[in-house]
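Chemist: With these hints in hand, go ahead and build the complete structure from the sequences.
These protein sequence lines map, in sequence, to chains Y and A.
Taking my numbering, the leading residue of the first sequence gets 1, the next gets one more, and so forth.
Taking my numbering, the leading residue of the second sequence gets 1001, the next gets one more, and so forth.
You can trust all of the hints, since none of them are fake.
Result set (DMTMM-like, lysine to aspartate or glutamate): computed pairs, CA atoms no more than 20 Å apart in a straight line: (1) K56/Y with D25/Y; (2) K1473/A with E58/Y; (3) K71/Y with D1501/A.
It is worth saying that the hints were derived from the structure and are not from the lab.
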Amino acid sequence: MIILTGNDLASGAVTWWAGSEWSRDVADAVDVGEEADAIAAREEAARRVNVPYAIKAEIGPDGTVRPAHIKDRIRGLGPTVRPDLTLKPGDANAVHEVI
Amino acid sequence: MYRYDHCDQAMVDARVAEFRDQCQRRLDGRLSEDQFKPLRLMNGLYLQLHAYMLRVAIPYGTLSGAQMHILADIADRYDRGYAHFTTRQNVQYNWIRLEDAGDILADLASREMHAIQTSGNCIRNISSDHFAGAAADEVCDPRPYAELLRQWSSFHPEFSYLPRKFKIAVIASPTDRAAMKLHDIGINLVRNNEGELGAAFYVGGGMGRTPMIAPLIREFVPLDQLITYAEACLRVYNRHGRRDNKFKARIKILIHELGADEYRRQVEAEFEHLLAQDIEPPFAELERLREFFGDPGFEDLAEAELDRSDPEFALWADRNTHPHKQPGYVSAIVSLKPVGGIPGDATSAQMRLMADLATQYSFDECRVMHTQNIVLPHVRKADLHALWSRLDEAGLATPNLDQIDDIIACPGLDYCSLANARSIPVAQKISQRFAANGKGDTLGELKLKISGCINACGHHHAGHIGILGVDRKGVENYQLLLGGSEADDTSLAKITGPGFDEDGIVDAVETATDVYLANRADGERFLDTYRRIGMAPFKEALYG
Chain Y
1 MIILTGNDLA SGAVTWWAGS EWSRDVADAV DVGEEADAIA AREEAARRVN
51 VPYAIKAEIG PDGTVRPAHI KDRIRGLGPT VRPDLTLKPG DANAVHEVI
Chain A
1001 MYRYDHCDQA MVDARVAEFR DQCQRRLDGR LSEDQFKPLR LMNGLYLQLH
1051 AYMLRVAIPY GTLSGAQMHI LADIADRYDR GYAHFTTRQN VQYNWIRLED
1101 AGDILADLAS REMHAIQTSG NCIRNISSDH FAGAAADEVC DPRPYAELLR
1151 QWSSFHPEFS YLPRKFKIAV IASPTDRAAM KLHDIGINLV RNNEGELGAA
1201 FYVGGGMGRT PMIAPLIREF VPLDQLITYA EACLRVYNRH GRRDNKFKAR
1251 IKILIHELGA DEYRRQVEAE FEHLLAQDIE PPFAELERLR EFFGDPGFED
1301 LAEAELDRSD PEFALWADRN THPHKQPGYV SAIVSLKPVG GIPGDATSAQ
1351 MRLMADLATQ YSFDECRVMH TQNIVLPHVR KADLHALWSR LDEAGLATPN
1401 LDQIDDIIAC PGLDYCSLAN ARSIPVAQKI SQRFAANGKG DTLGELKLKI
1451 SGCINACGHH HAGHIGILGV DRKGVENYQL LLGGSEADDT SLAKITGPGF
1501 DEDGIVDAVE TATDVYLANR ADGERFLDTY RRIGMAPFKE ALYG
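Modeler: Encoded structure:
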């Protein structure tokens, strides 16, 4: 699947295209297929996202969206060396799952 | 230390107002990202993996207590309660909101700080010896010259759009503590046979994807021609540097392709041309700058022996202090490398403590080391135990200066959008491994440096042991390098062979240290043994 990601313009936070809006949670990302460029252009022009780009992803064994590359998986979670600052600070396995 | 005059303050305040306006224009859509990106980079604002990252300049690594305090306040007010000290003696914040950037720069300006020229193809923060003004072996204090270069290079219209970024280091000791020959220009202040002070210029060093040791371009430049010669070096680069290819745009490539002799010839011709134009700042300005860097009022103390009855303190004092030029004083190194910690990170509470300790014990001054620790440069030996006790309580007294767990590590793939692999977890595992097996204490000086990509912010080329993280088909992989040094015996490390996975590289480092211990002659450091026995025994142990 192809998913769309970028950063929020004002906060810089990592965001994922969830079909009708941007979400902070990669689990909300949807397959944009061949619409990636059109969505990215429209959303960037409206300043709802900064520097959007499309990446490959897959549905993991647990049914969640998993970016293909480790860089985007780390973007989706947060720094692996600061679990307290990730989006899942209480999940001890979260870091291992992105590596 | 240097204090802004009204011109400095006006320049910085104007830049704050300008960037605040630029941020607002970006937020309300009057600027596109393509238009805004070069503007934010000129103010040290990057877009990294998780958010905007702000890099703050710390000229030659020197901070007052008040400046360290405002850095801590910014960490709390606008970030997540911590900051990261870098290998360029700067500090970075990882979770910045664009909406806050103007306010942060205003806070910095209120303490005579800024983020100007911490990115972009310009002359970056001038770095120097972290023991400047304190070291017993320096021929003079290099900071007035670093400050002169800072002022010359700030907003220099001719050098604001160089072919590539440009880094200058200034030292004044035979011992190189600033990786001087691995800079675009390394300046070593020396005395000639007549006892006059001048500057040796090493030009064209650097790490990155094409590491090179800077050749000596001029042995002695009189100090009243320092800026003129630097300008000549930059002009030749600006004229001929490869703007067509980012990967060949650094001055080291130009000098490599021209040859040092031809580059020197062109610089000398430009130097003669510039001398005739009399561009050198008045010598009185240098004299004015020197007054900011006088001795801070040392007491006239007798040299004293430390009370070594507390073994933990004695170990820390042995490892984490450096001889001072003034009897009765030492420079104390605050370790930002706790076992299992993140190299270079400090919490806001730790930063406030360091600020207070600098004020209380070190004439209100601290220094950022390029090895990502903090120096309190002027501490009375009589105060050392009290200082250590305060640091120890805050987890800042790990006795590991230049030990295997005093690791330089770039932010790596945990934070950096350029990185290919994570650096910090590898550093954490290595420090934990050697703390657990007890070998760390047997190794002596061993400088280990880790980069998460070929850009080499973690100085892996210059590590006695270096580690380079690479991306191998989407999986982190780590190359091991041996034999580098960024000291006065500068050398570039060589790759041992095929890379390792994250756990494998930790094992490989331990294997390399085992080879060292098995072959070490009396008094030899890891680097000495490697240089004597060569790569073969290490390769044999690593790969069979």
